[in-house]
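Number of protein chains: 2
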Amino acid sequence: MANHHKAKRGIPPKSDFNAWYPAIVEIADLVDKRYPIKGMDVWRPYGWKAMKRIDALTHAEMERTGHDEVHFPLLIPEDLLEKENRLVALLKAARDAGVDPSELRMDEEPAGFKKEVYWVKHAGENELDVPMFLRPTSETAMYTLFPLWVRSHADLPLKTYQIVNTFRYETKQTRSFIRVREIHFFEAHTAHVDEEDATRQIEEDLEIVSNIMADLGLPYIASKRPVWDTFPGAWYTIGIDVIMPNGRTLQVASCHHYRDQWAQAFDLSYEAEDRTTKFCHQTTYGMSERLLGAVVGMHGDDAGLIMPPTMAPFQVVLIPVAAHKSEAVMETVRDVETTLKSAGLKVHVDDRDLRPGQKYYDWEIKGVPLRLDIGPRDVEKGHAFAARRTGGKQPIPLATIVDSVHSELNEIQKSLVESSNQHRNQIVRSATSLDQLSDDGHIYEVAFCGTDSDAEVLEKNSNLTLLGEALEPFSESRPCIVTGQMTTIRQHIARMY
Amino acid sequence: MANHHKAKRGIPPKSDFNAWYPAIVEIADLVDKRYPIKGMDVWRPYGWKAMKRIDALTHAEMERTGHDEVHFPLLIPEDLLEKENRLVALLKAARDAGVDPSELRMDEEPAGFKKEVYWVKHAGENELDVPMFLRPTSETAMYTLFPLWVRSHADLPLKTYQIVNTFRYETKQTRSFIRVREIHFFEAHTAHVDEEDATRQIEEDLEIVSNIMADLGLPYIASKRPVWDTFPGAWYTIGIDVIMPNGRTLQVASCHHYRDQWAQAFDLSYEAEDRTTKFCHQTTYGMSERLLGAVVGMHGDDAGLIMPPTMAPFQVVLIPVAAHKSEAVMETVRDVETTLKSAGLKVHVDDRDLRPGQKYYDWEIKGVPLRLDIGPRDVEKGHAFAARRTGGKQPIPLATIVDSVHSELNEIQKSLVESSNQHRNQIVRSATSLDQLSDDGHIYEVAFCGTDSDAEVLEKNSNLTLLGEALEPFSESRPCIVTGQMTTIRQHIARMY
Numbered sequence: 002m003a004n005h006h007k008a009k010r011g012i013p014p015k016s017d018f019n020a021w022y023p024a025i026v027e028i029a030d031l032v033d034k035r036y037p038i039k040g041m042d043v044w045r046p047y048g049w050k051a052m053k054r055i056d057a058l059t060h061a062e063m064e065r066t067g068h069d070e071v072h073f074p075l076l077i078p079e080d081l082l083e084k085e086n087r088l089v090a091l092l093k094a095a096r097d098a099g100v101d102p103s104e105l106r107m108d109e110e111p112a113g114f115k116k117e118v119y120w121v122k123h124a125g126e127n128e129l130d131v132p133m134f135l136r137p138t139s140e141t142a143m144y145t146l147f148p149l150w151v152r153s154h155a156d157l158p159l160k161t162y163q164i165v166n167t168f169r170y171e172t173k174q175t176r177s178f179i180r181v182r183e184i185h186f187f188e189a190h191t192a193h194v195d196e197e198d199a200t201r202q203i204e205e206d207l208e209i210v211s212n213i214m215a216d217l218g219l220p221y222i223a224s225k226r227p228v229w230d231t232f233p234g235a236w237y238t239i240g241i242d243v244i245m246p247n248g249r250t251l252q253v254a255s256c257h258h259y260r261d262q263w264a265q266a267f268d269l270s271y272e273a274e275d276r277t278t279k280f281c282h283q284t285t286y287g288m289s290e291r292l293l294g295a296v297v298g299m300h301g302d303d304a305g306l307i308m309p310p311t312m313a314p315f316q317v318v319l320i321p322v323a324a325h326k327s328e329a330v331m332e333t334v335r336d337v338e339t340t341l342k343s344a345g346l347k348v349h350v351d352d353r354d355l356r357p358g359q360k361y362y363d364w365e366i367k368g369v370p371l372r373l374d375i376g377p378r379d380v381e382k383g384h385a386f387a388a389r390r391t392g393g394k395q396p397i398p399l400a401t402i403v404d405s406v407h408s409e410l411n412e413i414q415k416s417l418v419e420s421s422n423q424h425r426n427q428i429v430r431s432a433t434s435l436d437q438l439s440d441d442g443h444i445y446e447v448a449f450c451g452t453d454s455d456a457e458v459l460e461k462n463s464n465l466t467l468l469g470e471a472l473e474p475f476s477e478s479r480p481c482i483v484t485g486q487m488t489t490i491r492q493h494i495a496r497m498y
Numbered sequence: 002m003a004n005h006h007k008a009k010r011g012i013p014p015k016s017d018f019n020a021w022y023p024a025i026v027e028i029a030d031l032v033d034k035r036y037p038i039k040g041m042d043v044w045r046p047y048g049w050k051a052m053k054r055i056d057a058l059t060h061a062e063m064e065r066t067g068h069d070e071v072h073f074p075l076l077i078p079e080d081l082l083e084k085e086n087r088l089v090a091l092l093k094a095a096r097d098a099g100v101d102p103s104e105l106r107m108d109e110e111p112a113g114f115k116k117e118v119y120w121v122k123h124a125g126e127n128e129l130d131v132p133m134f135l136r137p138t139s140e141t142a143m144y145t146l147f148p149l150w151v152r153s154h155a156d157l158p159l160k161t162y163q164i165v166n167t168f169r170y171e172t173k174q175t176r177s178f179i180r181v182r183e184i185h186f187f188e189a190h191t192a193h194v195d196e197e198d199a200t201r202q203i204e205e206d207l208e209i210v211s212n213i214m215a216d217l218g219l220p221y222i223a224s225k226r227p228v229w230d231t232f233p234g235a236w237y238t239i240g241i242d243v244i245m246p247n248g249r250t251l252q253v254a255s256c257h258h259y260r261d262q263w264a265q266a267f268d269l270s271y272e273a274e275d276r277t278t279k280f281c282h283q284t285t286y287g288m289s290e291r292l293l294g295a296v297v298g299m300h301g302d303d304a305g306l307i308m309p310p311t312m313a314p315f316q317v318v319l320i321p322v323a324a325h326k327s328e329a330v331m332e333t334v335r336d337v338e339t340t341l342k343s344a345g346l347k348v349h350v351d352d353r354d355l356r357p358g359q360k361y362y363d364w365e366i367k368g369v370p371l372r373l374d375i376g377p378r379d380v381e382k383g384h385a386f387a388a389r390r391t392g393g394k395q396p397i398p399l400a401t402i403v404d405s406v407h408s409e410l411n412e413i414q415k416s417l418v419e420s421s422n423q424h425r426n427q428i429v430r431s432a433t434s435l436d437q438l439s440d441d442g443h444i445y446e447v448a449f450c451g452t453d454s455d456a457e458v459l460e461k462n463s464n465l466t467l468l469g470e471a472l473e474p475f476s477e478s479r480p481c482i483v484t485g486q487m488t489t490i491r492q493h494i495a496r497m498y
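Protein sequence lines, in the order shown, are assigned to chains F and X. Going left to right, the first sequence walks through residues 2 to 498 as our numbering numbers them. Going left to right, the second sequence walks through residues 2 to 498 as our numbering numbers them.
None of these hints come from the bench; they were simulated from the model. Be aware that a few hints might be false.
Same chains, same label: a pair holds when it works inside one copy or across any pair of copies.
[Unchecked claim] Pairs of lysine-lysine, DSSO-like flavour, derived with a Cα cap of 27 Å: (1) Lys122 with Lys84; (2) Lys53 with Lys160; (3) Lys34 with Lys50; (4) Lys360 with Lys173; (5) Lys39 with Lys360; (6) Lys382 with Lys53; (7) Lys347 with Lys160.
On a predicted model such as this, the values are computed, not experimentally measured, just so you know.
Can you make the complete structure from the sequences, with help from the hints?
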């Protein structure tokens with residue numbers, strides 16, 4: 002964007018991302034951070050609209066893939082954790098029996114997350130017999146009910162999801178959307194007849210991730226997390242990390258394959274076709290408001306936000322120009338509004354009593370992808386003047402306004418995806434030796450097949466974190482960056498949020 | 002409905018409403034009550050779909066009336082209540098100065114609701130410096146931020162709303178949707194330049210209520226609550242009570258006019274056009290999942306639920322009949338599905354491998370308003386066989402299926418509204434003397450203009466509760482049922498949920 006935008010309305014330059022991000026989320030009216038609990042922001046109308054549009058993409062994917070939406074209680078009684086303790090015991094027993102450690106990730110302490118939850122121990126003037134906590138995520142709540150819902154193979158797969166508020170007693174510095182204490186959270190939980198079907202679910206999850214990331218124009222890396230970053234009780238975890246403008250990665254989603262470990266702990270079994278009783282295999286797939294944080298971070302510029310047309314609260318803003326000079330202006334604006342809305346487009350008419358320049362400025366900050374100005378001369382000529390938030394202006398004919406707007410929005414989406422790809426290419430670098438690595442705002446792609454202690458060498462040497470194993474290996478073997486052993490295992494290391 | 006339905010799948014007869022209601026909400030798959038916290042049900046997919054359809058009606062009304070959707074944090078720090086304590090002090094001072102007591106309703110104890118909230122006093126392993134509670138409603142949270150959003154008259158009216166989970170430590174017996182501890186809740190909060198504009202807001206709220214009640218086909222009474230049932234800090238409260246099948250009333254919504262009482266306590270003021278600083282006048286309007294409870298209760302019958310077409314998760318269920326005999330059956334069913342969905346209708350194809358009779362039975366329980374059966378002979382004749390959940394079957398032509406379905410759904414809606422009106426006429430009776438009153442499943446309409454102690458006489462005598470003053474008075478004066486004084490004040494007394 003042009004230089005004259007710099008520093009306007011107190012927006013720091015985006016090159017200073019750590020100043021720009023917290024400023025823009027408030028200046029663009031997404032959230033108000035003045036609520037008296039740190040990390041619990043108030044969603045303002047524009048921010049909430051944006052979040053709901055992202056949720057709509059998620060709902061559509063859930064419907065396409067046959068997931069049913071449910072809604073579980075927020076509060077979880079502490080005594081339900083007994084079953085999780087059983088899970089720990091099971092896993093320890095397995096380890097004692099010499100099972101592959103990659104299948105054994107579990108917190109040593111039965112419920113390590115207890116340090117990160119909010120507790121409800123009092124109600125009214127009473128102390129509760131059984132303390133409850135605010136869900137950080139809903140495995141425990143859901144898996145208590147699932148055994149009541151699943152009897153036979155005919156009940157499987159069970160594919161459920163919910164979009165709810167979850168809570169985390171965050172002690173690190175909070176950041177809007179990125180690290181908050183009340184989290185707008187999506188979680189899908191599924192149960193399957195066997196490991197293979199659960200694996201197919203993970204593949205479906207990755208397809209959904211890919212669709213949503215394409216919609217949002219976000220560059221990302223999918224990695225099978227190292228064992229120490231695997232979710233408790235999971236066989237494996239796949240993390241989805243968006244590449245942020247400052248080169249740090251932001252985990253916006255994750256999928257867990259549990260095999261039948263949780264099912265054993267929660268007695269989630271079914272009668273198979275052959276009449277035997279078997280444990281279900283389960284998966285979880287989570288995403289959060291971090292998706293909005295990634296959109297804000299990735300697409301904004303010195304002048305404000307840029308909302309991808311797929312999730313923009315308003316895809317088009319209509320600005321009447323010099324409407325006092327000709328009645329035809331407002332009439333035309335209203336006609337265009339009706340036409341575009343009937344075509345399913347999200348349209349806003351800015352009829353405030355302000356100069357057009359002020360309106361342009363406001364909508365630029367809010368990142369509306371397409372602005373259409375209509376003044377007396379435009380009406381005469383039968384066109385609207387279209388200005389893309391990503392740059393470029395031209396008149397478009399009113400007669401074919403729906404097609405023209407769609408094509409403008411497509412161009413905008415395309416240009417966002419292109420700059421995402423460019424960004425990825427700038428940030429992600431290959432490294433073949435440890436001395437090439439440093440915490441310099443890049444993500445490094447390496448061949449790495451080492452042990453836990455090799456990984457420690459790698460991380461300490463670079464001051465970066467191992468994201469894990471890329472889902473696509475190298476096509477040919479290369480020497481491991483630490484051990485020198487030949488391997489096709491492709492991994493990324495980065496500074497994570 | 003026909004007698005043969007009685008007692009099927011364990012549905013008690015609806016005449017035994019107190020047995021029927023708790024059974025049907027589970028049998029029809031709306032909720033699962035087996036979650037281990039009483040009064041916190043799990044929403045199953047069908048129930049959640051129904052609730053979201055009701056929410057969609059609310060969202061549409063909010064958009065029509067220019068309310069902006071916001072989303073506030075769940076947790077409220079206890080120290081924010083200091084401002085409410087100021088409100089109490091203000092009101093006491095006003096009373097001491099001899100102001101009309103009808104303007105003075107306030108709990109004597111600063112925060113009487115403290116007995117009804119869930120407290121978060123611990124997070125992780127820490128005890129919090131400032132305890133927090135789970136919102137029972139969001140006045141305190143919102144009115145803390147509103148003064149930051151309102152500076153001048155140009156910022157008014159401020160019209161906001163949110164749909165969120167709220168909590169109440171309920172000690173009475175819980176009932177799905179009707180009395181629960183985690184409540185799916187709608188709340189609109191507005192701020193205005195003066196009392197008149199706030200009053201216009203209350204009128205708009207009542208118009209919204211009227212639209213939604215018409216959509217849901219619910220018979221209701223709107224009453225200005227007696228002073229002792231007025232919301233704390235409100236000038237007046239209007240309660241919206243649905244007339245349930247057993248003659249009890251269920252408050253599903255309420256509106257509060259605060260005048261500037263809360264604004265004074267929270268320093269919510271603005272610069273008027275004449276440059277003076279004035280306090281805002283405020284209103285609140287709330288509704289909850291009780292709307293769904295009312296729909297369930299009002300429209301169901303011995304065979305199950307009946308969902309009004311305006312909010313049915315599926316308005317039409319398509320049943321392929323003898324599809325194995327002719328490939329044309331499934332083709333036709335899919336064509337009809339596509340056609341109806343393109344017309345914006347909510348359609349479900351039941352292609353389960355079950356006999357049609359079993360499917361009819363299931364969808365009858367779930368209350369889908371219109372069933373369309375399509376078999377080989379229907380395909381030949383170019384029609385579908387339509388069965389209304391409210392009674393009546395007939396073939397309808399495929400060629401004009403969208404129009405025919407709309408007209409069937411209109412008929413169903415009409416018949417639900419008619420039976421609502423009939424129900425109201427059966428339940429609501431006029432009474433002119435105290436000895437006509439009793440707790441016999443009726444609601445009594447009376448002329449009443451007495452004092453608080455007269456009201457006590459009225460309530461004790463009948464074992465019923467005063468709903469309050471009807472918004473439409475009698476057209477001519479009549480003697481007050483207690484004092485005998487002539488009055489046009491029309492009031493209702495009933496057994497409330």
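Against the structure, the hints:
1. Lys122 with Lys84: Answer is both: 21 Å inside a copy and 26 Å across each meet the 27 Å cutoff.
2. Lys53 with Lys160: Both: 22 Å inside a chain and 19 Å across chains, each within 27 Å.
3. Lys34 with Lys50: So Lys34 and Lys50 pass the 27 Å test inside one copy only (17 Å; across, 33 Å).
4. Lys360 with Lys173: neither (38 Å within a copy, 54 Å between copies)
5. Lys39 with Lys360: neither (32 Å within a copy, 52 Å between copies)
6. Lys382 with Lys53: For Lys382 and Lys53, the Cα distance exceeds 27 Å both inside one copy (38 Å) and across copies (45 Å).
7. Lys347 with Lys160: Intra 31 Å, inter 21 Å, cutoff 27 Å: inter-copy only.
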